[in-house]
Amino acid sequence: MTRIIRVQREPIELDAIVGELSRPDCGAVLSFLGLVRDHAGGREVESIDYSCYEEMAAKELDRVVARCQERHGVAHAAVVHRIGLLAVGEASLGLVVASPHRREAFACGLDIIDEMKKTVPIWKREFGPDGASWVDPGQPGT
Amino acid sequence: MKLRLRFFGRLTEIMSPEPQDFELAGAADLMGLKAALLARHPGLGNALERCMIAVNTEFAAPDQVLADGDEVAFLPPVSGG
Chain A
1 MTRIIRVQRE PIELDAIVGE LSRPDCGAVL SFLGLVRDHA GGREVESIDY SCYEEMAAKE
61 LDRVVARCQE RHGVAHAAVV HRIGLLAVGE ASLGLVVASP HRREAFACGL DIIDEMKKTV
121 PIWKREFGPD GASWVDPGQP GT
Chain B
143 MKLRLRFFGR LTEIMSPEPQ DFELAGAADL MGLKAALLAR HPGLGNALER CMIAVNTEFA
203 APDQVLADGD EVAFLPPVSG G
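Top to bottom, those sequences are chains A and B.
Take the first sequence: its position 9, counted from the start at 1, is 9 in the working numbering, and no numbers get skipped.
Here the working numbering = 1-based position in the second sequence + 142.
None of these hints come from the bench; they were simulated from the model.
All C-beta atoms, glycine included, are put in the ideal place defined by N, C-alpha and C.
It is possible that part of the hints are untrue.
Claimed, not checked - Now the in silico label distances, taken between C-beta atoms and shown as ranges:
1) VAL88(A) / PRO204(B): 35 to 41 Å
2) ASP136(A) / GLU165(B): 28 to 34 Å
3) ARG67(A) / LEU180(B): 30 to 36 Å
4) GLY211(B) / GLU13(A): 37 to 43 Å
5) ASP38(A) / PRO159(B): 25 to 31 Å
Next up, chain B with everything else stripped away, as it sits in the complex:
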């Protein structure tokens, strides 16, 4: 399936801040996506683990099932205000 990934905050030091397409084999959930991402970008490591994840701009559970075309955003601990 084809996903659209978004990275923010300190993650943009490793990944582009621009939305990017990501091809994930077969049916998958967020755990599978994270594993695939870490395999391709080991530098994400701990930073990715500390993220909240939003799917289509809604906060998602760690095992949420993904659908083709979903936008998945990795949100490091927020610091607004």
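Excised from the complex, chain A in its bound form:
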């Protein structure tokens, strides 16, 4: 069982995480990058400032990933979330899931992202030509 959880200011090195999780018994290694998109809810976005509750974010992320691993029977998972001001195209989220077969890897990866968006104390503030706005998960395009 491997679980790597990081909340960091440094850029996300997805290849390195893939290397850390790859195992001879895992024929499926799913890797995903979430990038800052140039639009949200019809508005142009230039950058997003990610902030977090440092003392809690990694802890809660760890709990979420552990639950998803158990639910899908996936032994190896890594999630790295970046914090700070990120420009369009920069990666805010890196996820890697390794398992013997593809189905549980895809299901677990999707579940992790859906679940983390509900409880992990991380917030984004979008900046664009129209000014800055806090992202509310109730809004479209988030």
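Assemble chain B onto chain A, guided by the hints.
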């Protein structure tokens, strides 16, 4: 009792993002703390109502009893990813 309060996300437009001490009279729970906060900072209003609350970095029930020295964090709807 003395509490340490933390505010995040859009709440930092009203409250400092730095941890702050808050004195609450007598024994209290989260409902009492919220009432005291709203009395002192009416601008928090709806934003506070939509928050999840963590006590000492664990999610708390709305009526959780507080102890001296607790860190109480107000967490607006999260938007990571």
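Verification of the supplied hints:
Against the hinted window of 35 to 41 Å, the Cβ-Cβ separation of VAL88(A) and PRO204(B) comes to about 39 Å, which satisfies the hint. Range check, ASP136(A) to GLU165(B): about 32 Å between beta-carbon atoms, so the 28 to 34 Å window is met. For the pair ARG67(A) and LEU180(B), the beta carbons lie near 34 Å from each other, so the given range of 30 to 36 Å is met. Restraint check, GLY211(B) to GLU13(A): a C-beta distance of roughly 39 Å satisfies the suggested window 37 to 43 Å.
For ASP38(A) and PRO159(B), the Cβ-Cβ distance of about 27 Å falls inside the hinted range of 25 to 31 Å, so the restraint holds.
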